[in-house]
Every structure is written in structure tokens, then in C-alpha cells.
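Same order as they appear, the protein sequences are chains A and B.
Under the UniProt record's numbering, the first residue of the first sequence is numbered 1, with each subsequent residue one higher.
Under the UniProt record's numbering, the first residue of the second sequence is numbered 1, with each subsequent residue one higher.
By construction, these hints were calculated from the structure, which means they are not laboratory data.
Do not rely on the hints blindly, as some may be mistaken.
Which copy is meant is left open, because identical chains are indistinguishable; a pair holds if it fits in one copy or across any two.
[Said to hold, decoys possible] Derived lysine-lysine pairs resembling DSS-like cross-links, with alpha carbons at most 30 Å apart:
| # | residue 1 | residue 2 |
| --- | --- | --- |
| 1 | K341 | K473 |
| 2 | K480 | K564 |
| 3 | K452 | K394 |
| 4 | K552 | K473 |
| 5 | K192 | K402 |
| 6 | K331 | K452 |
| 7 | K540 | K341 |
Predicted, not measured: the structure shown is a model, and the values here were computed from it.
Number of protein chains: 2
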Amino acid sequence: MVSKLGRLLIGKSLKTNELKSEKFNVFWGLPVLSSDAISSVAYAGEEILWVLIPVLGIMSYKYMFYSALCIVFLMILVTLSYRQTIDAYPQGGGSYIVAKDNLGTIPGLVAGASLTIGYILTVAVSTSAGTAAIISAIPVLLPYRVAITLLFIFIITIGNLRGIRESAKVFGTPTYLFMVVILIMIFFGIFKVKVLGYVPKPIYKIPPVVSDITVVLFLRAFSSGCTALTGIEAVSNGIPNFKEPSQKNAKRVLELLALVVLVIFGGVSYLATLYHAVPNPNMTVVAQIAHQVFGGTVMFYLVQATTAIILIMASNTAFAGLPLLLAFIAKDGFAPRQFAKRGKRLGYSNGIISLGLVSSLLVIMFQGDTHYLMPLYAVGVFISFTLSQAGMFKRWIRLKSKGWIRRAAINGIGALVTFATAVILGITKFLSGAWVVFVLTPLIVYIMMAIKNHYSEVARQLKLPVSERPKEKVDLSKQKRYVIVPIDTLNKSFLKALNYARTISDNIIIFHVSVDDEATARLLKRWHEYNVDIPIVVKKSPYRSILGPLVKFIKSEEYAAGPKDTVTVVLAQLIVTKWWGNILHNQTALFIRTMLLRMRNIAVVTVPYIIFED
Amino acid sequence: MVSKLGRLLIGKSLKTNELKSEKFNVFWGLPVLSSDAISSVAYAGEEILWVLIPVLGIMSYKYMFYSALCIVFLMILVTLSYRQTIDAYPQGGGSYIVAKDNLGTIPGLVAGASLTIGYILTVAVSTSAGTAAIISAIPVLLPYRVAITLLFIFIITIGNLRGIRESAKVFGTPTYLFMVVILIMIFFGIFKVKVLGYVPKPIYKIPPVVSDITVVLFLRAFSSGCTALTGIEAVSNGIPNFKEPSQKNAKRVLELLALVVLVIFGGVSYLATLYHAVPNPNMTVVAQIAHQVFGGTVMFYLVQATTAIILIMASNTAFAGLPLLLAFIAKDGFAPRQFAKRGKRLGYSNGIISLGLVSSLLVIMFQGDTHYLMPLYAVGVFISFTLSQAGMFKRWIRLKSKGWIRRAAINGIGALVTFATAVILGITKFLSGAWVVFVLTPLIVYIMMAIKNHYSEVARQLKLPVSERPKEKVDLSKQKRYVIVPIDTLNKSFLKALNYARTISDNIIIFHVSVDDEATARLLKRWHEYNVDIPIVVKKSPYRSILGPLVKFIKSEEYAAGPKDTVTVVLAQLIVTKWWGNILHNQTALFIRTMLLRMRNIAVVTVPYIIFED
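Only chain A is shown next, with the shape it has when bound in the complex (with noise of 0.2 Å):
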């Protein structure tokens, strides 16, 4: 029942040969690998604006068009270097691998931790503001507000496990839909004013101007657009599942992605200045700029409508990017190896569904008030961009090939600038919240260590030399066998066990352990009854564990196998059909054996009795 539920919802499995077929061309990889840094310009401006409005009034919209510009300069100059870092790691770069490569293992694990950080926070904040602008329209489904967030992230899980291709079509319309929306937008929006010469009329009253601009005050609204660019990352991470030529499709996807955020967002800024849009909590600084320039027409509510759905697919971009890099670190060993396992359907189905899992439980924690992760993660972000960018810089000075030069300046002057980013927003936001990266980064670093330090252990004490030969053939009838069968109760199940138990060995033992006297005695009376030549042996148990006096008899004196001995322990287990009978039947043949398997010498034969049912 749980497996059919499973194929309807994601599909049925697809052979590790259609992975080809599973890729995106650029058509479809733009909406999915964009998505996140596209939905910024629904809150980018606005937070820029938020900083400025209360101190300057008037006078903010031309420093919101300077951030703006630097915050573009800084979107063109960071593309530029992944274009380079595309063409150097052809099998995917993403700041993982190449700080890894060119700086060493712990800044390349630095950035795997920032960044995945910052994709699980990308899920739970844009989830959650998709949810605030739904209900902004729609005041009663308050209530249910953790609940709609959860069924998105929901949604979204499933539908990144039904595979990349079908993901990218269902979550990809929404977002050209809302491209075209919000070009129409700013073509209209210009056109109105700039050639029907219509005059703004200001939703909201400008506040008077305080004081003038300070340098603080600039750096503060500029790492508060900063968000803008969370998105690039994904691309340079994500060749593998670009179609081939993949390494040109990446690169034609990041030109594009650069080309409509510069587009979108400068467009966005500037409507904002022409149309005065003033920042207010009941009404986005999109809506008040729609609501001028459509009035109250199908196409405000079309605006307001594909804004809440690019919020939510947003988080896609993290779905495309997260469970990639966790497949990358976990290839290296750093991460539980599970992450590196196709699924079904060919995704890396771990760590969707992880992803899935941990920022709804972040949604949940917060109740879906998330909007104070977001300082979180903007942090964590530049700091991965300025060590895949310093890693490039490195790169280029050691291997000088060809234009190294013009290559490394490009490189190196990105790393300067998005540290000096990183820099200034972990210090702006750092009281609120942005304290929390500096604590959770080391902490995931170290476990990343601690995992790889275990695999390689594992690996160290498995490694077979050719010198260690199998045992040779045996006289099997005069192999000493011990072997033990655990009776509770004298049944068809344990009657199997037992004949199993025959055909391996002549030197058996049947052990009881006794919690309860009555019934203890009805055992042997039965087996008394029942006339087998084989010895039973009966153990008391006054702390009614079962798995005490069985490891202490096999360990005792009493027991003739020698410490090198394997002793062979068989468990009667009874299957039941249901899916639900499990929980109906102490699970004690499974406890034995977890337990038991911890000592040396032993083995353990599971012999399954079957039970019915329709």
C-alpha cells in the first residue's frame, strides 16, 4: 500500500541509463536555476528601500538607484567568474569544489557548510513569504499558515523527486509566466509616464527627510539588496544536469540568469523611483507600483498573483542545488554516503527529501515567521562565493595557461569584492542573526571531519590483503557446530527454526529465559509432552530481559564453545502479512539479533514463519 502510494505520487522508477534523458536544455534549466535570484526583486528593492525611507524620505530613491547599480556591478562581476569557473570545472564547480581543489580541504568544506545553510533557509524563507503574500490576499486562511507553507514545501519535495525534467516543466511555467507579467510591467510603467505623461499619485505619504546619506546607512541598504544574487551558485554546481554540450548550456543559462535579474530588478528600481513607491507592511512596494500602473484591472491581481508563486518556487533553486552538492561532499566522504544514492527516479532522493524534511522542521520552530532567517543566509552565501572566487584567483596564478592573466584579475578582483561583501553584511546583520553562520559553520565543518575520519577508518579495517586467504574446504561432518534456538512459546514458527537448525547441526541447544514461572512451566510441560531428544536449557531472568542471560550463558563455562568458537544462534521470527501487524508483536527476534551481532564470533540465522492473513 505504502509503495503504491509512493509510484503515484512520484512515478514509477527509471533505469540508471535514461539519466540522459533526464536532463534540462536551457529553456527549462533558466526558470529552475533562476527562479531563487529572480523572486529577489519581489522584496530586494523593497528592503533597500525599508533602510533608506525613514531617514532620507525623498531623497532615497536616487541611492536606491546607486545600491541598485553596485549590487548589479557586483551580479555582472560575480557571472563573469563563474563563467570562468564553468569552463575550468567542466563536471561541476560549485564553491565546494573548487575551494576544495585550489585551497584545500577545510575552506572547501567551509563553503559546502555556508551554502548549505543557506539552501535549506532559501526553502524555508521563500516558502514562507509565499505564504505571507497569499494570505495578504486572502486573510483567512491565517490560521492555517504553517500548514499552507508545509504543503508547498510538500509539493515541492515531490515533485524534485519525481525527477529533474518533469520538475522543471511544472515549476518552471510560473516563473516565466511571472517574467512576462512583470515586463509587461515595466514597459507599460515607463510608457505611461515617460509618453502618456501621467502623473504618479504616491499610495503612501513620502516621510520628510531627517538626515542626509552616511556611509553606514549606504552599506546598510546595499547588504540588505544583497539577496539578489543567492542564486548563481546553483548554476556553476549544476552542470551535470545540464543536456550536453552542458558545459555551454550552464553558460548560456548563467548569461541569461544575469540578463533578466540585471533586467528585472533595475526595472523594478526604477518604477519604484518613477511611481514613489513607499515601503509600507500592508501593501508590497510591487503591488503599490501595479496598482498605479494597471489600476485595478486583471493585471494587478495577475502581478500579485505570479509574485507569490515565484516566491514559493524559489525554493526550487535550492532543490536543484542542495541535494547536487550534498552528492558531491558525500563522494568525498564527508557526507553520509547516502546523499551520493540515485532514487527512483534519479534524483539524489536523500537529500530532497532531507531538504525537504529540516526546512519544514525550520518552519514549524518559527512558525512560519521566518522572515528573521533572512539575514542568515545572504552571509553564508559570500562567504562561499568569496572562497570558489580566491580558489579560481589560486588556480590561475599556479597553472598560468592561456590569458591566466585577464583570467585571475577577474577572479581575484570578484574575491576582493565579495568578501568585502561578506565582510560588511556579516557585520550589519550580524546582531540580527547573522552570529547564528559563525556558530553553525564550524559545527557542521567539524562533523564533516568527523564523518570522513570514520569512513576512513571503516575502509583501513575492511581492506583485505590478498595474503588473508578464505578458509579451505572442509570435512563438513566433522565441523563442531554449536548452535542455540531461543524458545518462548512451542509453536509451528520455533518448530522451523529448529528444523533448520538440524540440517546445519547435530549439537543444538534450546535456551529459554523465564519472566514468568507459570509459564514457564506450561513450556515444559509442553516440551516434555512433545518428546524431542534435545536438551533445554532455562535461564531466570528477574530483570525480565531477555538478551542477558543468553549472552551470559553462550559467555559461560557451562557452555562447552571455546571463545574462538562461532556459535550460531537461531531465531524464530514470525512474518506477518499486514502492514500494520508489525507493531502488534514484540519485536524481540530483531532486538536479539542487533544485540547479539555486537559480539564477536557469532552468527545469527533469521528463519521466517509466515502468517496469512487476507
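Assemble the complex: chain A is given as a structure, and chain B must be docked to it using the hints.
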């Protein structure tokens, strides 16, 4: 580490024969089993006034007195009835046992189900109410309401896991403290008005009289106060938890319980009349009385504090009652039999833990706003009262033992009155939530029946007739044993499994499922180098499943084992000693074993290979 933490929290294991010393006497049994009933004075009187005051104004106090009288009468009647039940069922006679024994299985299960619902709700409601009382004193804690409630449930769960006796002492003391404080308040309150001639100044204005009393209004008031009776069931259900003479002790506790509730409930109701307390969301009725009686002295705060504590302690009655009830039901096969198993400290730990978890879930689901769960549980409790009384009535009619007419009369009147109350509760509270009980109870009864059917079917299929003999001793050297050893990587763990296989058979096949061509090529090359004279079979798995190809191979013509031969699969299992190590390894062996066991004629041998780490 986990087991150390467990020992720290719940203490060391107790021996089965220490059970006797884990029981409670009258002095400690009273607070545990009465806290639920006693705590209801903190709100039962208030609930009555909430119904009456808006309509009757100053007239309310008169009818509150009548309502209280009716409830006290009901209380006495139920107490007398249960005294008889304790006499008749010395092994413990909750409604479940009495109804099942005298009325049949379905009435018994209905009683059991409705009590189960009642107990679970008691915990959720009373801990939430206690937290609310604390928060109204310290409003800064408001954002942590859910967390605080969960913490209380956790503490009470742990306390009960530590054992009956210990929890009785820890949780019983505050109950006695509350009793003493409230008794002082009652005596001094009456003394102050009647002797010192104090003229009460009501804190809130009594609203004007709107209309006269109606039957419906009176019944609504009466039913709102009926929650005072919910704890009585726990005493007669809990006879086995009392020290010898357990029957006599239980009866003594029942009588004392009735006395205490009578005095406190009657006293507080009288004080409410005397001091004209008016229910108000900002100050409870008890608080208003205490403030007038004691002024702002320390006694006022003591009343407040002990009231908050007793509300939380009320849930302890459920922790004393439900696990025992579930154990009775489980022994009859209508609930998972794990509920009938005693834990480390001899309590029915599975029931205790389940109660803690389910009530925590309710608190989380309702975000601590559980006051509207209150109407739900009174109905269920009175349904079970009715069934229990009716059962006793039928019993006397049937047995016709000494004094049966008097006894039948008491139980018969009890059945009628509690039935009438259940009907009143069901009707007046139907829309505000009691309907849930009418949906849930049949559902739970249905599940209980399904569980019983399952256990019966399992027992039937497992039953071993003496005629069905075990296999005779066989010549081991002539056995044809089919053994398959799956291989993933050629390492020491695999070698250990192979060596074990060699000791039980000379008919071994190594089986490899290929999900990655490169890895398979590497394995085959190494296997070749290793040069062991055992055949290896390689199967491709396009869908990356390990299990599918293995099962297919076992069933195929290619494999020589006939459908009646037992096939032995020897699995190498890695055991890591670090507690977090297991999440880092694909639990493939575990999964394969689980699925293979669903085939008939198979035996799965698990050979552990232990990795030691410091």
C-alpha cells in the same frame, strides 16, 4: 550513552519480585488517584457560573448551589457504586472489566475506548490549564506556552516511568499542599464573613438579571460541573497498584476521595456565593475569593501557585489509570500486547510513554489552546460510568448473592443517573465537540476488534499439534545445502561471511548485483586476483535495486534449488561501535534481510563484522 541517560532519568532496573514494594498505601494513593477530581474544583464551580451569570445575574449563586448539590449527590452515588465494584472485582475492576464481564465484549470495549479518550484528553487539558495559570501570573512566558506544557508532560512521564511509588511521593506532596491551602481558605473565608462580620466587596460587577432559570439552562450548568467526577474510575481500576490488603485500601481511598472533593467543591462553591465571585477572563473565581479572603498576603499567592500545580498534577491520575487499563485490554488481546509488559521500573512503560506522546501531540496540534477539548472528555467518562453500573446491576440480578437487592438498587440507580448525565452532556455539548467522541469511540472499538482477530489468527496458524514432529536427526554430510553469499566489495567483512558459509555448506554461490559497471569490473578483477574456487554470479540491475535480482535468481531455473529446498543467504553486516555510525552506512543488509524473510523456505544468516573506533 543513550542507556546512561535513560538510567539517569528513570533509575536502575528493578527485579520482578520487587513489584510488591512498588505499590502505594492509602496515604500516597489518595493524592495520585484524586488529583484529577480535586483539581476540578479549580474550574468546575467557575464553569457553572460562566453558564449562569450572563442570564441569571445575582440569582446564579442560588442555582449554582443546586447544581453543586446535584453533582455532590452524583458523586456519592458513583462512589457507593464503585465501592461495590471493588468488592466484586478484587483484581481491579474498571469499567472495561465490569462491562465486558457482565454485558459482553462490545460494551466492554466501548467503555475501554471512551475511557482511553478521556484519559488522554485529561493530560492534554490539565497540563495546558496549569500552564495557562502560570502564564497569567508571569505573562512574559506566553511565547513559550507550548514548550512549557510539553516540558510538564515530559516531567510527569519520566516521573511515572521511574515507578509508581516514587511518582506518588513526588507528585502527591503538591496535592496535599493544595488541599491544606484550600481548606484554610474555606475555613478562614467563612470565619471572616460569619464571625468577623466582613462585608465582601465583589471585584467584578454582577451583571443584571436577564431572565429566570429554565430547565435547559440548569442542565447546561450541571453538565459543565460534571468534570469533577472523572477521576473516580482510576481507583477501582487501580486496585492491583495498592499494597495489601489492596481491596480494603482501595475502598478507603475511594471514600476519602469523595470526602475531599465534597468538602473542597462544596466549600469553594459556598465561598463563591458568599463573596459574589464573578467569572472573568482576567482572574479566576478561586483567585477572586482568595484575594478577598487573604488580601495581597503570601497566602493569596500560595493559593495561586498550588492551583497551578494541582492542575498539572491532575494529569497524574491519567498516568496512574490509562497504562493499567491498557494492560488489562492488552492481556485480553484487544490492544498491542506490548502494553501488558512491565518496563524496567515495573510500570507499564509502553502505556506511560504512549500517553505522554499522544497528549504532547494534541498539545502541539492545538498549540496549547486545549480548553475546547474539555467538553469531549466528560461524555466519554460518563458513558463508561453507565456501562460499568449497568454491568454491576446485571451481575447482582444474575448472581442473587447475599444482599443483592440493595446492591442492585444502588448500581441500578447509579446506571440510570449516570446515563441521564451522559445524555445531558452529549446533547448540551454535542456541537461544541462531544460529537468527536461519537466518531472516535466506534473507530477505536473497530481497531480493537481487528487487533483481537489478528492475534487469534496468528495463534491459530502457530498452534503446533503433538502429531507434527520435528525432522529426524540427519546425516549432515549428505545434506544438500544451498548457500548464497552476496558480495558488494571484496573486504574482510565479506570474507568473514564467506568463511562462515564454508562451515555449513560446500555448495556456495557468490552473488553480485551490478548497479555500476565500473565498480563491478573492479570487483571482478579483484575476485580474479584473489583466486578462490567458488562460482560467482553477476546480475545487472537497471533500476539499482539489490533485492530484485537476488530474489529473481533464487526463484529462477538457473538456480538448482527446488521450490521446496531451503535457501540460506549469508549476509555480511558491518557493525559500527559509534552510536552515530549507523546512519553513515547504507543499511542494505538490513533491508535485504527484511524483504527476503517474506519468502518461504529461506534462512538468512547475519554475520557481523565489528569496526572498533575510539
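task: Find the hints from earlier in the document that the structure breaks and name them by number, from lowest to highest.
output: 1 and 5
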